[in-house]
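J.: Now for the letters of each chain:
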Amino acid sequence: DAGVIQSPRHEVTEMGQEVTLRCKPISGHNSLFWYRQTMMRGLELLIYFNNNVPIDDSGMPEDRFSAKMPNASFSTLKIQPSEPRDSAVYFCASAGDRNEQFFGPGTRLTVL
Amino acid sequence: AQSVTQPDIHITVSEGASLELRCNYSYGATPYLFWYVQSPGQGLQLLLKYFSGDTLVQGIKGFEAEFKRSQSSFNLRKPSVHWSDAAEYFCAVGAGDYKLSFGAGTTVTVRA
Numbered sequence: 005d006a007g008v009i010q011s012p013r014h015e016v017t018e019m020g021q022e023v024t025l026r027c028k029p030i031s032g033h034n035s036l037f038w039y040r041q042t043m044m045r046g047l048e049l050l051i052y053f054n055n056n057v058p059i060d061d062s063g064m065p066e067d068r069f070s071a072k073m074p075n076a077s078f079s080t081l082k083i084q085p086s087e088p089r090d091s092a093v094y095f096c097a098s099a100g101d102r103n104e105q106f107f108g109p110g111t112r113l114t115v116l
Numbered sequence: 044a045q046s047v048t049q050p051d052i053h054i055t056v057s058e059g060a061s062l063e064l065r066c067n068y069s070y071g072a073t074p075y076l077f078w079y080v081q082s083p084g085q086g087l088q089l090l091l092k093y094f095s096g097d098t099l100v101q102g103i104k105g106f107e108a109e110f111k112r113s114q115s116s117f118n119l120r121k122p123s124v125h126w127s128d129a130a131e132y133f134c135a136v137g138a139g140d141y142k143l144s145f146g147a148g149t150t151v152t153v154r155a
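Line by line, the protein sequences give chains H and A.
For what it's worth, the numbering used here labels the leading residue of the first sequence as 5, then goes sequentially.
For what it's worth, the numbering used here labels the leading residue of the second sequence as 44, then goes sequentially.
A portion of the hints provided could be inaccurate.
Okay, the calculated bits of chain H under chain A, using three or more residues with CB under 8 angstroms as the criterion [to be verified]: (1) 47-56; (2) 76-89.
Here are the simulated DMTMM-like pairs of lysine to aspartate or glutamate, each with C-alpha atoms no more than 25 angstroms apart in a straight line [as the list claims (entries may be wrong)]: (3) A/K92 x A/E131; (4) A/K104 x H/E104; (5) H/K82 x H/E15; (6) H/K28 x A/D140; (7) H/K82 x H/D67; (8) A/K92 x A/E109; (9) A/K92 x A/D51; (10) A/K92 x H/E15; (11) A/K104 x H/E15; (12) H/K28 x H/E15; (13) H/K28 x H/D101; (14) A/K104 x A/E58; (15) A/K111 x H/D101; (16) A/K92 x H/D101; (17) A/K92 x H/E104; (18) A/K104 x A/E131; (19) H/K72 x H/E15; (20) A/K92 x A/D140; (21) H/K28 x H/D61; (22) A/K104 x A/D51; (23) H/K72 x A/D140; (24) H/K72 x H/D61; (25) A/K92 x A/E63; (26) H/K72 x H/D101; (27) A/K104 x A/D140; (28) A/K111 x H/E104; (29) A/K111 x A/D97.
Think of the hints as simulated: they come from the structure by calculation, not from any bench.
Ideal Cβ positions, reconstructed from N, Cα and C, are used throughout, including at glycine.
Hey, can you work out the whole structure from these sequences and the hints?
T.: Below is the structure:
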């Protein structure tokens, strides 16, 4: 298994631009998580899906952030418009059962 | 809601010496417990997990952890560290609702 796949690995954009991060979970996993990691705030859960349905989006910081999971093998996290304070590493993780989450390599986002 | 405390922000250890990282959790029932490792620029990798049964669990890379219910702890140990063990280590607790609560992490520096 290829593990959780995220793209792009690095993204540099200018303030105000739309950013879309992509994630392919491990086949057969029914839960998907988006996290954000910064030096100041550590690892934060943004949103998680179970069976493609958003269950808890209380960690999404603002309406500028949105996430979708149109099918079991793909999810996106969109930021529109992006701001410099959104600069962080964004991780996607998937889980089959018992909370055992497997993380992707992350996307390092820099907003200038 | 469950929570995790990692009391040590940073630990420095000599190569070949033993390592112990502390983790305390708060949860009313028996939790699912995990240790993850994150090398610089990488995603989180699962080291080991505890669901039930034997309270001493073995993981990858020579790590082990012991669940102590009376102390609400799940400390990570390695008898002899290698330079490649320099990384950040995260303890996490799950309660069966697909979410994990992560500790703030402990950074391990290995000196020659």
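J.: Against which earlier hints does the structure fall short, listed by number upward?
T.: 2, 10, 11 and 27
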